[in-house]
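Assembling the complex is the task here: the two chains are given apart, and the hints tell you how they should meet.
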Amino acid sequence: MTEVHISNQRQADVVIVGAGLAGLAAARALAAAGVNVIVLEARERVGGRVYTRPASDGTLLDLGGQWIGPTQQRIAALAEAVGAATFPTYVDGLNIEYREGQRATYAGAIPMNDASAAMETVETLLELNLMAQDVPLDAPWTAARSSEWDAQTVASWMEAHVSSEIARMWLTLGVQAVFSAEPRDLSLLHFLFYVHSGGSLNELISVTRGAQERRFREGAQSIAEKVAAAFGDRVILNAPVHSVTRDDRGARVESDSVTVTGKRAIIAIPPTLAGRLRYRPALPAHRDQLTQRVPMGTVIKVHCLYAAPFWRDDGLSGQVASDSGIVRITFDNSPASGSPGVLLGFIEGDEGRVWGRRSVDERRAAVLECLVRYFGDKAGTPVEYIEQNWAEEEYTRGCYAGYLPPGVLSVYGDALREPIDRLHWAGTETATVWNGYMDGAVQSGERAAAEVLALL
Amino acid sequence: MATREELREALDDYISHARKSERITRSLRKWNCVIYIEAADIEAGFTMTINNGTTTVINGAQGTADLIVRGSSEDLADIFWCDANPASNYMQGAITIQGSPENVMRLDSLSLLIYLEVTK
Chain A
50 MTEVHISNQR QADVVIVGAG LAGLAAARAL AAAGVNVIVL EARERVGGRV
100 YTRPASDGTL LDLGGQWIGP TQQRIAALAE AVGAATFPTY VDGLNIEYRE
150 GQRATYAGAI PMNDASAAME TVETLLELNL MAQDVPLDAP WTAARSSEWD
200 AQTVASWMEA HVSSEIARMW LTLGVQAVFS AEPRDLSLLH FLFYVHSGGS
250 LNELISVTRG AQERRFREGA QSIAEKVAAA FGDRVILNAP VHSVTRDDRG
300 ARVESDSVTV TGKRAIIAIP PTLAGRLRYR PALPAHRDQL TQRVPMGTVI
350 KVHCLYAAPF WRDDGLSGQV ASDSGIVRIT FDNSPASGSP GVLLGFIEGD
400 EGRVWGRRSV DERRAAVLEC LVRYFGDKAG TPVEYIEQNW AEEEYTRGCY
450 AGYLPPGVLS VYGDALREPI DRLHWAGTET ATVWNGYMDG AVQSGERAAA
500 EVLALL
Chain B
50 MATREELREA LDDYISHARK SERITRSLRK WNCVIYIEAA DIEAGFTMTI
100 NNGTTTVING AQGTADLIVR GSSEDLADIF WCDANPASNY MQGAITIQGS
150 PENVMRLDSL SLLIYLEVTK
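Order-wise, the sequence lines are chains A and B. If you read the first sequence in the working numbering, its first letter stands for residue 50, the second for the next number, and so on. If you read the second sequence in the working numbering, its first letter stands for residue 50, the second for the next number, and so on.
Okay, chain B solo, but in the shape it has when bound (with noise of 0.2 Å):
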């Protein structure tokens, strides 16, 4: 089970690698969306916006949400530490997201574009 503060630091060190990549900051210039992310075992929420290529993360819930994410702390601390792969079987029924299939689409996308940079 991970801290709701060491889920916010896998967060962020997650976004940077995306900011650092070229081709994910590429891909994000289309994409408009606010994404929640939930680990409900420790009643930990995140907000994640893209806007325009740049992408913010706050504390709890602002706004409203074009994605909702979740899973245990554990799970999503792994994906965002890279320590998991998110198309794996296990991580497609652990984590679960709820949106328009556009925005699903996008997110799946994301995930394995910054799993894959920073395990490559």
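Bound conformation, chain A alone (with noise of 0.2 Å):
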């Protein structure tokens, strides 16, 4: 007997796949333009990359993307509209550089205890930035050298371009605290337009005027929440999305527990997710080519819990540049109150990769270890470790963005934003301002919104 799987039909105007920032943007643009919508996401919960959980003790903690900077006008707004309030991220007292077994403390985003070695840092960091300013946020691959800029990688140009080795370390630590991958991985085109779409360099990488200014105060999970609850049940979790097919009249998503029906459908996972999907008729080549290509980054982020921030009393701001070891970037991500002290570390690239492969009991003393360290002995007795490898979560497959190799933008890049027939596309990557964070995000979820107004 042929077993004969009949799941709920419903229909819209515009279906969404994806119930993170991307999508419910789109979803509440659409909405207050008076457009039916259903939202499909694969996992129980909303928010995608944002995902806030509490500790033992009820601290929220922000597994994912956390923080939001001055010049991020839309999660911004986004987050003022459903009453999210911010707080600074701590940032008083030195940081710690940690740099062949020698710790030292400095002050500001580049540790500057080796002057010559910071110097050609900043003037790298002016002429990358300058460079950066040559390419056009909407269509990087006509930037006047994209094909050779795309045919490099960041570390190929640094190699060429930055004679210091400690100058050229901090970069690639730059590089792996931004992207979450290696200089090796990235074509340059690609990391200007990157840096461009963030303002600058110095933007990407600070606290105090720049992108890690300040956080949530009940976590960056709670937008989405509040902007999904608002939709009911056309918001629709745990419902996998495996085909879109589509034709002159609109666009069936199908999941094994529901399809969905409508005029039009936005895609709005990362793009090497949306390749994955089944879509009939088979998407055009230069499409399926660009998806084949844009690898996510590799992180996992931990947090170790402690009864205070002992590191403030030592003067310190609980930031670390290190050159070595599995953790090489932290940050005091204690709560707005102080309490508990929670120190955020970052396993990122290729320690990400090496270190994905083994167990939590081995990366947790890794990790202790490091951070004694920088910290003290204190540093080794959390009262607890929560990590998330998020190249592990089976519907994102790595954070924080999906980054492009070389030979990729220049060739590939109009398939990102590029709707096909009935299907539009949304997510961070196809941003053009603060793409890969929040924020481009929001705007990717609001253009796409915008696109399908215009045909509807």
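Take these hints with a grain of salt, some might be off.
To give an idea of the chain B side of the interface with chain A (calculated C-beta under 7 Å), a few residues [unchecked claim]:
{"#": "1", "residue": "T52"}
{"#": "2", "residue": "N138"}
{"#": "3", "residue": "L161"}
{"#": "4", "residue": "L165"}
{"#": "5", "residue": "K169"}
Footprint (simulated), chain B over chain A, 3 or more residues, beta carbon under 8 Å [unchecked claim]:
{"#": "6", "region": "174-186"}
{"#": "7", "region": "240-251"}
{"#": "8", "region": "472-485"}
Derived CB-CB ranges, DEER-like [as the list claims (entries may be wrong)]:
{"#": "9", "chain 1": "B", "residue 1": "K69", "chain 2": "A", "residue 2": "G150", "range": "30 to 38 Å"}
{"#": "10", "chain 1": "B", "residue 1": "D132", "chain 2": "A", "residue 2": "A188", "range": "30 to 38 Å"}
{"#": "11", "chain 1": "B", "residue 1": "R68", "chain 2": "A", "residue 2": "A499", "range": "49 to 57 Å"}
Keep in mind the hints are simulated off the structure, nothing from the lab. No residue lacks a Cβ here, since even glycine has one placed at the ideal position from N, Cα and C.
Printed below as a string of structure tokens:
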């Protein structure tokens, strides 16, 4: 006997795949224009790459995206609209520079204990920032030197232009921190576009006046939850989409539990995941070849909770820049009240790829060893250790975002946002401003919604 | 709080360090910019003009500024005497800069280079 699976059938004007910030921003913009939407989400929760969960004592921890900076107007507007308040990232005190087994302190975003290396780092940042200004945000593939820049990696550029090994090391750390990837992974053109989309490298790596300036009191996921709440059962959880069929009348989006048909669909998931859906008819080669070439970054975000932020008493900010170890960047991620003390660390790029295959216990031991080197013995006995490996998440497969290796942006970049028939694309990877960030996700959702509205 | 004269003295000293550094002079050659620096607490302002690698300062406002830098006289004096790291979180919040992204980037870079040159 043939088993026939009949899933729940629903209809909407627009079907949205993915209830991350991009999909929800699109839904919100469409609903405001009177359009009926249904959002299908694979997970049992909304938020995608923003995910807040409580520690054992109830302290809210952002296991994914968490920060907002001064020029991130769209996420700021959305947060304000739903009543999500922020507080400043803790910056009082000195940062720790750990280099060649030696620990020192410094102020600002760039370690300066080796003045010559610091000067070359500053000059290199300026040079890259000025180059980035030459990359058009809406069409980076049209930059005058796009072919030349897309034919090299950030690593090869640094090798040719940065003479100080220490300066190269700090710049590498900056790349790892921003992209969760290695300089050798990234196209120089994509890197420059990304920098320009956030303003400058200085803004990407800084706290004050930078992308890490503020955090959300209730956690970043609260924004997604509040937006989704307005939609009730029109946001359908636990519905991983596997197929999208389109014709001249609309789109049919299928999951195992529900099928939704609409006049148009917005696919608001990372390009690499979008490429894993089955499309009928098959997508044009240009689009499919793009999605074959946009890997996700690799990061394991770790939180260590302590009774109090003891490093503050030592005059330290909680920030570390290190040339070695499993965790090379840390922040004070304590709640606004200052209690408990929370140290945030990132296992990124190559470290994430290697340590992601080890056990939690092995990672925990290595992380604590690092923290003890940076902050002293007290760091070795946290009350709780919590980690989030984004590459293990079936419906994300990495963070912070998809990045572009050489030869992709200049050839396939125009496929990132170009609609195909009744299908539209959203997600932070498609943003022209703050690409890779929550703000970019919101921008992309609003842009996709505007596209759809113009055609409905 | 610094006086107008003290602030001008500090700024002149700051510029002299830039002029003495071949590295900084080289980076300034590619930049033309009129910077108005204002210490709001003492109502003092200075115009610094960078033109083809040379830097001049006059009291008051002159011409159209490409950049406007504002801070307290004390914070500005601390930066000009290189007693404070311009990239520190405090200074990033205390000093405001208005202007095009390119000019802001260049000024950020210049201020750090001078600080590093003096304090190395």
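Taking the hints in turn, this is what the structure says about them:
Hint status for T52(B) relative to chain A: violated, with the closest Cβ pair at about 27 Å, above 7 Å. Using the Cβ-Cβ criterion of 7 Å, the hint placing N138(B) at the interface with chain A is satisfied: the shortest such distance is roughly 4 Å. The beta carbon of L161(B) is positioned within 7 Å of a beta carbon in chain A (closest approach about 5 Å), and the interface hint is therefore held. Checking L165(B) against chain A by beta carbon gives a least distance of about 5 Å; that is within 7 Å, so the hint holds.
Taken as an interface hint, K169(B) checks out: its beta carbon lies about 3 Å from the nearest beta carbon of chain A, inside 7 Å. With 5 residues having a beta carbon nearer than 8 Å to a beta carbon of chain B, the region 174-186 of chain A meets the requirement of three or more and the stated coverage holds. For the region 240-251 of chain A, the assignment as covered by chain B holds, since 3 residues bring a beta-carbon within under 8 Å of that chain's beta-carbons and 3 suffice. With 0 residues having a Cβ less than 8 Å from any Cβ of chain B, the region 472-485 of chain A misses the three-residue criterion, and the hint is violated.
At roughly 35 Å, the beta-carbon separation of K69(B) and G150(A) lies within the given 30 to 38 Å, and the hint holds. Between D132(B) and A188(A) the beta carbons are some 46 Å apart, a value that contradicts the proposed interval 30 to 38 Å. Checked against the hint of 49 to 57 Å, the pair R68(B) and A499(A) passes, with Cβ atoms roughly 52 Å apart.
Consistency note: the structure conflicts with the earlier hints numbered 1, 8 and 10.
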